[in-house]
Amino acid sequence: NNAMGVCADACALEYQFSREDQDAFAIQSYKRSAAAWDAGKFDNEVVPVEVPQRRGDAIIVSKDEEYSNVKIEKIPALRPAFTKDGTVTAANASTINDGAGAMVLMSKDKAEELGLKPLATIKSYADAAQEPKWFTTAPAKALPKALDKAGISIDEVDYFEFNE
1 NNAMGVCADA
11 CALEYQFSRE
21 DQDAFAIQSY
31 KRSAAAWDAG
41 KFDNEVVPVE
51 VPQRRGDAII
61 VSKDEEYSNV
71 KIEKIPALRP
81 AFTKDGTVTA
91 ANASTINDGA
101 GAMVLMSKDK
111 AEELGLKPLA
121 TIKSYADAAQ
131 EPKWFTTAPA
141 KALPKALDKA
151 GISIDEVDYF
161 EFNE
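Numbering (this note's numbering), first residue to last: 1 to 164.
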C-alpha cells in the first residue's frame, strides 16, 4: 500500500518527468494562482467561511492561502518528500487541502421551463482504472474514452475536469 507521493515518484521515473520540469510546472501554477486571485477571478466562486477560535474573534477565510505561503526561490532546494531519490517535493506535489463544490444539473427542457440559460454542457464522461500504483495515469486512459463517447476531438473541448 503506497502513499500517493510514492506513486507520483514512480510515474515521474517511468515517464521521465524531471525534477526541474516538475518544479517549473509548480512555479508556473503558483504564479497563475496568484494572478487569478489578484485579478478577482474567484470572487464569484468562493464563499467566505467563518472559523471559530478558542479565544478571540472568529477568522474569516475568503481565499486560498496556499499560493501566498510559497517561497518560489526555495522550491528547487527542497528535498524529495516521499522516496530517497525521488523528484516529488512538498512544493511540486499536490497539497493536502479540502474544499467543496456544488453545481446544479438539469435537462435542457427544465432549464427552458425555468427560463435559465445553461452555463455549460456536459457532452461526455468516462472513467478508467488500473493497478493502484499507476492511478496517476488513469485520467489519460479515460480521456480518449470520453472523447470517443461524445464523438468529438480534443480540439472541440473548451474545458476538462479531471479527478484521479
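Please keep in mind that the hints were generated in silico from the structure rather than gathered at the bench. Just so you know, these numbers come straight off a predicted model, no measurement behind them. Hints are not guaranteed to be accurate.
As the list claims (entries may be wrong) - Computed beta-carbon distance windows for the label pairs:
1) Ile152 to Ala58: 23 to 33 Å
2) Ala58 to Lys141: 15 to 25 Å
3) Trp134 to Val51: 32 to 42 Å
4) Ala77 to Tyr159: 28 to 38 Å
5) Ala129 to Ser68: 33 to 43 Å
To be verified - Here are the simulated DSS-like pairs of lysine-lysine, each with C-alpha atoms no more than 25 Å apart in a straight line:
6) Lys108 to Lys149
7) Lys74 to Lys84
8) Lys123 to Lys108
9) Lys110 to Lys123
10) Lys31 to Lys41
11) Lys84 to Lys141
12) Lys31 to Lys84
13) Lys84 to Lys63
14) Lys133 to Lys117
15) Lys123 to Lys149
16) Lys123 to Lys145
17) Lys31 to Lys63
18) Lys84 to Lys41
19) Lys63 to Lys41
20) Lys63 to Lys74
21) Lys117 to Lys41
22) Lys117 to Lys84
23) Lys117 to Lys141
By construction, the Cβ of each residue, glycine as well, lies at the ideal position given by its N, Cα and C atoms.
We went through each hint and held it up to the structure:
no.	hint	verdict
1	Ile152 to Ala58: 23 to 33 Å	violated, 47 Å
2	Ala58 to Lys141: 15 to 25 Å	violated, 45 Å
3	Trp134 to Val51: 32 to 42 Å	holds, 37 Å
4	Ala77 to Tyr159: 28 to 38 Å	holds, 35 Å
5	Ala129 to Ser68: 33 to 43 Å	holds, 36 Å
6	Lys108 to Lys149	holds, 20 Å
7	Lys74 to Lys84	holds, 19 Å
8	Lys123 to Lys108	holds, 13 Å
9	Lys110 to Lys123	holds, 17 Å
10	Lys31 to Lys41	holds, 14 Å
11	Lys84 to Lys141	violated, 29 Å
12	Lys31 to Lys84	violated, 28 Å
13	Lys84 to Lys63	violated, 34 Å
14	Lys133 to Lys117	violated, 42 Å
15	Lys123 to Lys149	holds, 9 Å
16	Lys123 to Lys145	holds, 12 Å
17	Lys31 to Lys63	holds, 15 Å
18	Lys84 to Lys41	violated, 39 Å
19	Lys63 to Lys41	holds, 11 Å
20	Lys63 to Lys74	holds, 23 Å
21	Lys117 to Lys41	holds, 21 Å
22	Lys117 to Lys84	violated, 53 Å
23	Lys117 to Lys141	violated, 33 Å
Hints 1, 2, 11, 12, 13, 14, 18, 22, 23, counting from the list given before, are not met by this structure.
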